[in-house]
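Number of protein chains: 2
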Amino acid sequence: MQATLALARETGYAKLSIEAVAARAGAGKHTIYRRWPSKGLLFLDSLLSLNEPVLDYPDTGDVLADLRRQIYAAVDLLANPPWGPLYQALVAEVQHDPAVAAGFNERFIRPQTDKTITRLKTAQDQGQVSPDFDLDLAMAILSGPLYFRLLITQEPMTHDYVDRVLQALFAGMSPRH
Amino acid sequence: MQATLALARETGYAKLSIEAVAARAGAGKHTIYRRWPSKGLLFLDSLLSLNEPVLDYPDTGDVLADLRRQIYAAVDLLANPPWGPLYQALVAEVQHDPAVAAGFNERFIRPQTDKTITRLKTAQDQGQVSPDFDLDLAMAILSGPLYFRLLITQEPMTHDYVDRVLQALFAGMSPRH
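So the sequences go chain by chain: X and Y. Mapped onto the numbering used here, the consecutive letters of the first sequence carry residue numbers 1 to 177. Mapped onto the numbering used here, the consecutive letters of the second sequence carry residue numbers 178 to 354.
Accuracy of the hints is not assured; some may be wrong.
[Unchecked claim] Across the chosen pairs, the derived CB separations fall in these ranges:
{"#": "1", "chain 1": "X", "residue 1": "K15", "chain 2": "Y", "residue 2": "E196", "range": "22 to 32 Å"}
{"#": "2", "chain 1": "X", "residue 1": "Q167", "chain 2": "Y", "residue 2": "R201", "range": "43 to 53 Å"}
{"#": "3", "chain 1": "X", "residue 1": "K121", "chain 2": "Y", "residue 2": "A183", "range": "23 to 33 Å"}
[Said to hold, decoys possible] Pulled a few chain X residues facing chain Y out of the computed Cβ check, cut under 7 Å:
{"#": "4", "residue": "Y87"}
{"#": "5", "residue": "Q88"}
{"#": "6", "residue": "A101"}
{"#": "7", "residue": "I141"}
{"#": "8", "residue": "F148"}
{"#": "9", "residue": "I152"}
Just so you know, these hints were derived from the structure itself, not from any lab. For glycine and all other residues, C-beta sits at the position ideal for the given N, C-alpha and C.
Here chain X stands alone, though its shape is the one from the complex (with noise of 0.2 Å):
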């Protein structure tokens, strides 16, 4: 997995082969796929291989600061280069191989997805998040201004924009009287 990660930033996610990570990592080919059958299940793998416990979020009392910080580091690891282009590279798999999306989902977006619900429990119990607010909902609401960002216009994803969709999202779109 390492031999996939480091080739994967030399070349590209498109360039990247079973083949080539085999001579890589001095293995045989049939090994590899014996284990992953296809390079996107390869990919994914390796990705989750890196196992940044930087995506955890932190619990100082502030659920704001506290997400801001959890996101920072998260676009700031997932959404730049190096791994930024690999990260859309792994989601347009997610588009083509029911296995890939199976296994991005239930081993990245869904703990992802438990830990931001658990957060924000906490901070609906404190008062910080209103009563009303579905958290089921949390994840789409908080991450799909990003993935947009990362995966339609594809402009950069900078903490200024973190900040700016946060501000938007805790105060609503409704006026306040």
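For chain X, the structure is supplied; the task is to place chain Y on it using the hints.
Coordinates of chain Y only, in the frame set by chain X:
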């Protein structure tokens, strides 16, 4: 382009090829390559040729009802079969092909963004949307949670989901006092 759409619906995006489109259209493949240098660009043009007026925003004076109606129409068209999987394939292509990414943004996302901002600006002037709401974020905030579901979790895009997202975005995450 009709041949492209017909074939894409029959075979899916992965199996679509310029050769097959040429055969279906009774044209030479070089004729097609001269106009569309890649399958991604041909597919983008073909999808845009649908030119659904359904994607325009109504203005009945009730911004929440109008957004709901427009987003229902958009998800009915773009997030469900037959176009859902093809739209997912197009977004996957956007991750790999900068020419498709540029065309998709200039010719689809940018005009949709402008329409969204125009409708929300009217609502803001009428006091239905907070004067502090950052209109430049409107498209990311409104459509981000929909793209998250379409591209990441790939759960069904229901009207109920749209309703819950709009409710959460209008109310905001902060408690209202």
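Here is how each hint holds up against the structure:
no. : hint                          : in the structure
1   : X/K15 <-> Y/E196: 22 to 32 Å  : holds, 24 Å
2   : X/Q167 <-> Y/R201: 43 to 53 Å : holds, 50 Å
3   : X/K121 <-> Y/A183: 23 to 33 Å : violated, 49 Å
4   : Y87                           : violated, 9 Å
5   : Q88                           : holds, 4 Å
6   : A101                          : holds, 6 Å
7   : I141                          : holds, 5 Å
8   : F148                          : holds, 4 Å
9   : I152                          : holds, 6 Å
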